[in-house]
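*Asks:* Quick note, the sequences are listed as chains S and C, same order. Just so you know, we're using this note's numbering here: the first sequence kicks off at 846 and counts up by one. Just so you know, we're using this note's numbering here: the second sequence kicks off at 846 and counts up by one.
One or more of the hints may lead you astray.
No copy labels: a pair is met if it fits in one copy or bridges any two.
SDA-like, lysine to any residue: derived pairs with alpha carbons at most 20 Å apart [as the list claims (entries may be wrong)]:
#1 Lys-1050 to Ile-971
#2 Lys-1010 to Arg-1020
#3 Lys-1085 to Asp-985
#4 Lys-1005 to Val-969
#5 Lys-1010 to Arg-1031
#6 Lys-1005 to Pro-1047
#7 Lys-1076 to Asp-979
#8 Lys-1085 to Glu-959
#9 Lys-1085 to Leu-1111
#10 Lys-1010 to Glu-879
Keep in mind that the hints were calculated from the coordinates and are not lab data.
2 protein chains.
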Amino acid sequence: SASKIHGDQMAFMDFPFVSSSHRDLMVDLVSTVETRLDSFLNPCGLPPDVQSYQNETGTAHAALHLRSGVQSSPIDFILGSWLHCKLPSGGALNITSLSAYLNSSTDAPNFLVELIQSSPTSMVLILDLPPRVDIVLDPDYLNTFYEDTQLDQHRQHLDKLSEVKPYYSSSLYIRSVVSPTAILVRIETEQLEEMIKTHVSPIAKEMLKTWLDVCAFGDRVVGESERVYLKKRDDMSKSKTIEIDLGSSLPRLFGQETANRVLEALREVF
Amino acid sequence: SASKIHGDQMAFMDFPFVSSSHRDLMVDLVSTVETRLDSFLNPCGLPPDVQSYQNETGTAHAALHLRSGVQSSPIDFILGSWLHCKLPSGGALNITSLSAYLNSSTDAPNFLVELIQSSPTSMVLILDLPPRVDIVLDPDYLNTFYEDTQLDQHRQHLDKLSEVKPYYSSSLYIRSVVSPTAILVRIETEQLEEMIKTHVSPIAKEMLKTWLDVCAFGDRVVGESERVYLKKRDDMSKSKTIEIDLGSSLPRLFGQETANRVLEALREVF
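Sequences and hints are given; from them, build the entire structure.
*Replies:* If you want it as structure tokens, here you go:
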């Protein structure tokens, strides 16, 4: 239980605050990425007090797992995280995420999965391969990574379920970053465990497999001139994403000192 | 009635096949654009048999209204259209649209409204100011045209109505062209006339007003180097849009000869 481990170091891979099907899914996704990308990844170099941290009163806990790519690899970094915080209402907010960013040796899409649970019966799911070029200018990119991979079938599958409703991020920038096949949904059901096991898990694993096969191992290289553009776009997208995701919530949840420590450690890659 | 005017030239502004509230809305939007942009626009130069055409059996009718911008204006062109065709089921499909494209003297967004009615109780509404730059690279653009104008409030208003559901275009390219505040919805109700009058009309008029004030008359000029990029992006977006919208449906509905005549006339601006 939370109280038992309160004060101890809570490991990223433990996902100690979420349901078993939620935890199983996250462990599976992180393990799959780390196994397939193994030779491409440096060890996690975050300080222990950034790998796992909490607020003074012990009502908010979080863990981070960051591995940068080795020089010759197409990987920029992978970042896993979880966050748990008690809500004034008596419930708790639990967020778990895994993102994988490629570097400018390739223009293939990144990978992103995020599960945001604010009640036992409601969850927001974000699952996408965000594009790294302006698709309007590059229909071939759309064909290669989104049409030929049939990514939209996963979104369509969830769309047919009565428990699933579209979710709109309050950030217009986040809405702009995602792909045209992005899964952005709110799931409302008494059987959330079952829903994760039956529908969310198979889709998330399938989309990660597509990303690994077609993007991380796609051997799609780009020229020197395009790399400058990619780096500029990636840098903007990363800095805006971290600002929107963490800029205001980290200080509020963990205090300014911890927030500074965490953001400083992330600035290495963001 | 349709039979009375069958065979005659049906004028674009008559919108002869749609309900009165649908027609009133389209006439209002087209009139507003033409009044505000009057000195910027050349007369419609389409041949009469492209301004209005039909198929051999008289089951499909369409009209087009195209006015290009004068040299010194920020307007590329405005294009209005309607399409009516009898369905094998006994019903009819009615599509009306108005789009306004700016030229590369400015990078401000375009305007687009399309109402697609395939039954007396169901309508798809597309209403947007599609961006003309890659928003991921340009958060200031997002602030200027989408945050500061509070465009998302209109989408949110419709989203709250039980008769309104999100609509996903089957074309991933069209999904990529629209803005993060785009209204893409399906409206299902027995009171479609009332719904257009009470909810769709005020929002469409308000969004057109925003487009006219902030985009068409925004005096946002761009440098020479950016114009090359804008022209390339606009050209790609226009040619893909016309290919997706008309490429296969025009020959199917009106025969190859008429389709060629219409596409040839539109190629002047697309």
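*Asks:* For every hint, state whether the structure bears it out.
*Replies:* Hints, verified against the model:
1. Lys-1050 to Ile-971: within (13 Å within a copy, 33 Å between copies)
2. Lys-1010 to Arg-1020: Both. Shortest intra-copy (16 Å) and inter-copy (18 Å) distances satisfy the 20 Å Cα cut-off.
3. Lys-1085 to Asp-985: between (27 Å within a copy, 12 Å between copies)
4. Lys-1005 to Val-969: This pair counts as both: shortest intra-copy Cα distance 16 Å, inter-copy 18 Å.
5. Lys-1010 to Arg-1031: both (5 Å within a copy, 14 Å between copies)
6. Lys-1005 to Pro-1047: Within. Shortest intra-copy distance 16 Å satisfies the 20 Å Cα cut-off; inter-copy 31 Å does not.
7. Lys-1076 to Asp-979: both (13 Å within a copy, 15 Å between copies)
8. Lys-1085 to Glu-959: Cα proximity of Lys-1085 and Glu-959: one copy only (17 Å, versus 33 Å across).
9. Lys-1085 to Leu-1111: within (13 Å within a copy, 40 Å between copies)
10. Lys-1010 to Glu-879: Intra 32 Å, inter 39 Å, cutoff 20 Å: neither.
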